[in-house]
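*Asks:* Okay, here's what each chain looks like letter by letter:
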Amino acid sequence: MAATVNTRKLARAMLTPAVVILFIWMIVPLLLTIWYSFQNYNLLSPENTGFAGFMNYKYFLTDPAFFQAFWNTLTITLSVLVITVVGGILLGLLLDQFIYGQGIVRILVISPFFIMPTVAALVWKNMLMDPNYGIFAWIATRLGFAPVAWLENYPLFSIILIVAWQWLPFATLILLTAMQSLDEEQKEAAGMDGANFASLFVYITLPHLARAITVVILIETIFLLSVFAEILVTTGGGPGYASTNIAYLIYHQALLDYDVGGASAGGVVAVILANIVAIFLVRLVGKNLEA
Amino acid sequence: MARAISPQKKWTFTILAWVVALILFFPILWTILTAFKTEGDAILFPPAFLPPHWTLENFVTVQTRSDYFKHFFNSMVISIGSSLIGLVIAVPAAWSMAFAPAKRTKDILMWMLSTKMMPAVGVLVPIYLIFKNLGLLDTLTGLTGIMTLINLPIMVWMLYTYFREIPVDILEASRMDGAVLWKEIVYVLLPMAIPGIASTMLLNIILAWNEAFWTLNLSAANAAPLTAFIASYSSPEGLFWAKLSAASTLAIAPILVIGWFSQKQLVRGMTFGAVK
Amino acid sequence: MKLNRHLASIASLVAIAAAGPALAETTLTIATVNNGDMVRMQSMTDDFTKANPDIKLEWVTLEENVLRQKVTTDIATKGGQYDVLTIGTYEVPIWAKKGWLVPLDNLGADYNVDDLLPAIRNGLSADGKLYASPFYGESSYVMYRKDLFEKAGLTMPDKPTWDFIKQAADKITDRANGINGICLRGKAGWGENMAFLTAMSNSFGARWFDEKWQPQFDQPEWKSTLQFYVDLMKADGPAGSSSNGFNENLTLFQQGKCGMWIDATVAGSFVTDPKASTVADKVGFALAPDNGLGKRGNWLWAWSLAVPAGSAKIDAAEKFISWATSAHYTDLVAAKDGWANVPPGTRTSLYKNADYLKAAPFAQMTIDSINTADPTKPTVKPVPYTGVQFVAIPEFQGLGDTVGKLFSAALAGQSSVDDALKSAQDVATRTMTKGGYIK
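Protein chains in written order, with the UniProt record's numbering: chain Z, 1 to 291; chain F, 1 to 276; chain W, 1 to 439.
Bear in mind the hints are in silico, worked out from the structure with no lab data behind them.
Remember, it's a predicted structure, so these values are computed and weren't measured experimentally.
Treat the hints with care, since some could be wrong.
Below, simulated DSSO-like cross-link-like pairs (lysine-lysine); rule was C-alpha separation at most 27 Å, straight line [what the hints assert, rightly or not]: (1) Lys70/F to Lys50/W; (2) Lys422/W to Lys58/Z; (3) Lys381/W to Lys439/W.
Label pairs and their computed distance ranges (CB to CB) [claimed, not checked]: (4) Gly413/W to Leu78/Z: 21 to 31 Å; (5) Asp67/F to Asp218/W: 47 to 57 Å; (6) Asp418/W to Asp67/F: 46 to 56 Å; (7) Pro46/F to Gly103/Z: 29 to 39 Å; (8) Phe45/F to Ile438/W: 41 to 51 Å; (9) Pro64/Z to Lys159/W: 32 to 42 Å.
Think of the CB as a built atom: it goes at the ideal place given N, C-alpha and C, for glycine as much as any other residue.
Pulled out of the complex, with its shape left as it was, chain Z reads as follows (with noise of 0.2 Å):
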């Protein structure tokens, strides 16, 4: 009893700390963020500064530009979603295999992850994209077309290509590990009772990595939200807005404008968007993590 109530209480303990310095981290800039939303706040303007109502707001919601970077947002965030679980899978199926040098590939495979994403971003947009200069251009000539000038011409699909980049590997190793737990008992079951390839795929090793898409997709959702370093390095958001998200409207507004009312307002509504997302979230991930 006695041991219970300490346990108890050393819990308490030890989650104060901890949550009292994540409560303070979380609130402290979110009342930040809304009280610079309401006010008239231009760096270079210190002089002009007062409440502003809902000027912020209404400035960046009938910016010529939110619509389309809230569409480029999750068309971002869902297609390197797709792309990476997907190719996840197919590669992590290819590597189960018996294969020479599996360590070797593995380690091949994996490496995109641990790389910065300006570097990944200047290396792709300099060294393999440029129409001029790139192996883009140098296999597209061989194979006898014109060479594709990526950024003007795909700017958002360039993009995708290149956090999918990125994150296919985060995404095959996990999955590959789960799929290696899967009891080789269990497919051989499977297999005696004449189950082809497909539908032991579908009725074994897809249920049984539920759990690893969930936590691929949680994590990659958090980072892909705010997918920013690579636009800024390649395409700056552009031609036009072609490839403008919500993170790049904000930093236009906070390091081009210095406008911190208005870039406090983007983030406000970054946050609620980010909220509604993290709701569906929660029901996926609770519903596969209860299990």
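Chains F and W: place on chain Z using the hints.
*Replies:* Relative to chain Z, chains F and W alone:
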């Protein structure tokens, strides 16, 4: 392997796997190779796969222009420091949430995670002002602190999902034995928790190493890590691909090596819950 | 525990790093861009530190956009991280007016302020006081391939018109052999395509705003500017030109893929450098084109060194600035790397130096270009702002960037010229209304 696999199948899969792996690795390989080219050779078209004239000149230029080891040291301190401090805070929190969950624990966790989806740039100015008033601008203390805070939600969440999978029965049993809490933790919980903690820590080292927004904007000369080092090589004038590649190679090499050696530990913790 | 030991060692490392070196000397933190001339300056500083052993220099060298963000955030919040700032002619008048910069009154007897080129000096002064000292200055001009012009039977006049440029570009373009008649900036950004297009629009009689700050993108002058530019680039420009900035075009020109290139005068030393350029001995120079309206399409810019207000190290900072922007520094570079590599465009004396004129074939055209640019009267019609290729108001960075993106979409063919101009007009009206310019 219980079933015999035909050699033909073995080779098909092997070749397929190697082709895919090499395609995925190619951009990195290309960067490393370009680092050893002269600037002129770096933009040859059609491209020269291997450097026509191997040279270390780019590495020399990069080192004389900016002190690599200072940036490297800063990156190490920030990424490892923030991960360790993060663990000190996150382990107890996740432990309590997992073993003494309150009603809304999961909602709180999700809310915490959702705040991480807020673009960092929205709060740059408020944070900059706070840092300035506390004298934390351009200090390793400040950068380590902010990295800790940024990754904390993910750390707590990862540890929480991991800890939840530790069978509670064992704890109950040890409690029956009259084991006091610290014994419970040291002898029962900790050994089981190590893989999850290791994996959380590794992921955070990687994330902190590669974080380029806060580390770049809150540092100047003293505390600037490798992300700032890179930002001085995307040149607005003249050829720069080879120098940029050399700087990139230097910046990614340490984390790449750490990643290669620890990839198994990195996933083990994350998939524990997923692979009962 | 192992963990504890690590923690302890990390904590002590952090403590050491935070405390910093306890030295008696003054440390100057200098924020600068990673352009070639600034990188060279870092390798020259022994000369300075030998004469001033009590001053230690710390460099923060960054890519232009990152630098601008960091420096602006720091100065606006009075963060005090930097003692010497590298800023341009856009920032200086705005920041000086806000009292963010220290007037440079103590540059020493050797500095010789009257030697500075008048156009540059005006651009860096407010109320008759110099607020930043120019490190190098530039205008823009036409660089062209003499061999290709000869082959096409053309002669480039010293003062070409836009019509001539178009005709010449059409003639020279030979896509089968990878020759583009003309390379121009297309990459979005207020310092990239908008610097070029704004300067160009001046020669077409266009302006950003009328005297009442009403945006003018709905006027015919802008339409003819943008239409001419898009048509020219479609017919004679390189592939993917909407992502080409200064550096991409420089590489293309150096590799012999452009017949003409209208861009910064500092490029002159890069395209004539035999080590970097395959066409080094075939380059000619001409003034930026006009349309006979009295204004040419050339700009004015100077990367300059300034001291933030509130700095505790003003004396040391001024000493350094005086050294880095002096004629003495020019001699130092000339002795070490040759006359062609000295920072151009700041001092009259340099353009009277026979050694320099001999080593730099672009020198005369550079000084002529700089002298024809007038930031105080940039346009044909009257305007309420200063700045040739920019509008010196704080809102311009964000607005210029957005308009730049719209125009680069027009160049990429993703929107029509009319749509781009209409969107630009809307965005500019929004920004000016929010900023309180339009009542």
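*Asks:* Evaluate each hint against the coordinates.
*Replies:* Now for the hints, and whether the structure bears them out:
| no. | hint | verdict |
| --- | --- | --- |
| 1 | Lys70/F to Lys50/W | holds (24 Å) |
| 2 | Lys422/W to Lys58/Z | holds (21 Å) |
| 3 | Lys381/W to Lys439/W | holds (22 Å) |
| 4 | Gly413/W to Leu78/Z: 21 to 31 Å | holds (27 Å) |
| 5 | Asp67/F to Asp218/W: 47 to 57 Å | holds (53 Å) |
| 6 | Asp418/W to Asp67/F: 46 to 56 Å | holds (53 Å) |
| 7 | Pro46/F to Gly103/Z: 29 to 39 Å | holds (34 Å) |
| 8 | Phe45/F to Ile438/W: 41 to 51 Å | holds (50 Å) |
| 9 | Pro64/Z to Lys159/W: 32 to 42 Å | holds (40 Å) |
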